[in-house]
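Enquirer: Quick mapping for you: the protein sequence lines, in order, are chains A and B.
Heads up: the first sequence begins at 1 in UniProt numbering, then just goes up one per residue.
Heads up: the second sequence begins at 1 in UniProt numbering, then just goes up one per residue.
No wet-lab data here; the hints were simulated from the structure.
The hints are all genuine.
Residues on chain B that point at chain A, a partial pick, calculated with CB under 10 Å: (1) Ser56; (2) Pro57; (3) Asp58; (4) Arg59; (5) Asp60; (6) Thr61; (7) Leu65; (8) Arg89; (9) Tyr99.
In silico lysine-lysine, DSSO-like type, Cα no more than 30 Å apart, as pairs: (10) B:Lys141 to B:Lys127; (11) B:Lys145 to B:Lys127; (12) A:Lys2 to B:Lys125; (13) B:Lys175 to A:Lys29; (14) A:Lys2 to A:Lys335; (15) B:Lys141 to B:Lys175; (16) B:Lys167 to B:Lys141; (17) B:Lys175 to A:Lys2; (18) B:Lys125 to B:Lys175.
Over 10 Å on every C-beta distance to chain B, these chain A residues come out as not near it, computed from the model: (19) Ser124; (20) Asp265; (21) Arg278.
Bear in mind the structure is a predicted one, so any value in this text is a computation, not a measurement.
Even for Gly, the Cβ is constructed at its ideal location relative to N, Cα and C.
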Amino acid sequence: MKQDLRIGFLPLTDCAVLVTALERGFFEKYGLHVTLQREVSWANIRDRVAFGELDAAHMLAPMPLAATLGIDGLGIPMQAAFSLGLNGSAITVASPLMEAIREHYPQELCTAPVRAHGLKRFLSAQAPRKLVFGCVYPFSQHHYLLQAWLQDGGLVLGQDVEIRVIPPPQMVESLAQGDIDGYCAGEPWNQQAVSRGIGQVAVTSYDLWNNGPEKVLGVTQAWAEANPETHQALLCALLEAAQWLDEPHNRVRIAELLTRPEYLDVPLALIQPPLLGRYRYAPDEPERLLPDFNVFARYAANFPWHSHGAYFLAHMHATGQLTTLPVDPAALLAKVYCTHLYRLAAETLSLPYPTVDYLPSTHCLAPWVLRDASQPIAMGNSYVALESLKSLD
Amino acid sequence: MYKLMLVDNDSERTDSLESALAAIGYAPIIRVGQHDNLLNAVRTHQPDIILIDMQSPDRDTLESLRNVSRETPKPIVFFAEQSDLETTRAAISAGVSAYIVDDLPNKRLKSVLEVAIARFQDHQKLKEELEDYKSRLQDRKDVDKAKGILMQHRNLTEEEAYQLLRKMAMDRNMKIGEASRNFVAAMALLGGKF
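The whole structure should be built from the sequences, with the hints applied where relevant.
Expert: Pasting the structure below:
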């Protein structure tokens, strides 16, 4: 069994499960010697995993699918058997823009969640202005959510608004300089804009899609086939780490570790409150309670749902990233999102696991129970706010 | 002639790469640094080949150009689609990545990429040597400090103090520099002023 592993990550709050597994000794418990390697771009993550410099990595959930479809520029098939968490990102809008909407169209901010109609009305009054929004990578939940949110507000992509890929560390600076009007990114980048007073959070990913997909642990198919035992050990270590991390008092400790220079290297005040479910939307507002802003284990959060994959496929097609849909999507999703490997690891640890691959679409505004499972699993809300996201589900 | 763009914050490395590429007939070369707007630069210059340092987060921005070809007349394609896997692997391990326009002949890119790989590898080696030199210098300082403490407290000669440190390091399977650092730190904890 391969024991020495290099795992890549990007400095984002949701690398927390990997940091927990290392710092709390869960990797060691399963006989793994892991080095966590910080990367600066998702493209680096993809390349280094594809060519074996990294064994595995923190990836945006659609990335392994894009790789297997061959639309990521490299086309080396990848897979994921573990989701590193749910929710955790948000759409930030430049403060002057939000203030203008608040002044002229206050009723547009009185919906839950806030929709983009206010932006559309602002834009119509300002013609021929065009808005520019940033997102972190073409194959990301951030990109798809941002598109869906803007379109829901009546904004026409390309005509009213342009979406540009910007590296997260440059996002806040671009907003400050007025190069962009807003962006969709993970933490700590939204809280950083809010704390500097230059941006306000319009909606969180949770507001748009209760407990939606976010990041996964990606490996190449070749690696998974060559190292089945190591892969299982890795999944067991991460499952335990995620369970540990869902306890609020443990999150306090991990937040401190995440501030270290080798991980996020940003102040605790930007990392800790969201992890503890306290989220600031605007600098002049009190924090709001969002206990599920980051979900690391509960609600079957680590399960790589095929339904999420089907949603990515539909969105890739809708955005033109994928020109023709695969002939047998079910077989493709089974190859990419390896639910059987997850179940095997969960079984080893006697943890409950879903027995179905597609999450029943309940659109529930309240917690519910998933009974299609080895033992019933308590689930959180599953409400999806935007019609366009619902129809893809 | 093909237009080449270099995206790298290390001006020394860019200089050496630029002259190496000029030697095989690529000139002039468009240089883009950290604070320049990469998208604007690509739109303005419309390069045929882009070489980019993997330490630059701007790679993700370049990736997005693949999906919005209508914005740039020349779509940009990730290098592996046209180059062989060995070259790609060497490039990644040297820390350089390349993007080319769709219709560029394979052979052209390979020669450019090989030059870039060699320069990035040289640079990596230089950096490692510098770091190695720095750490050896630090080790020597720490060993001297530890020796001084031992000589003062146990009335040893310099040679005896050194042998004692060496033995401690070997017993603990450590390097002598590291062992000396630990020793000095432990003495400081015990209230010594050194």
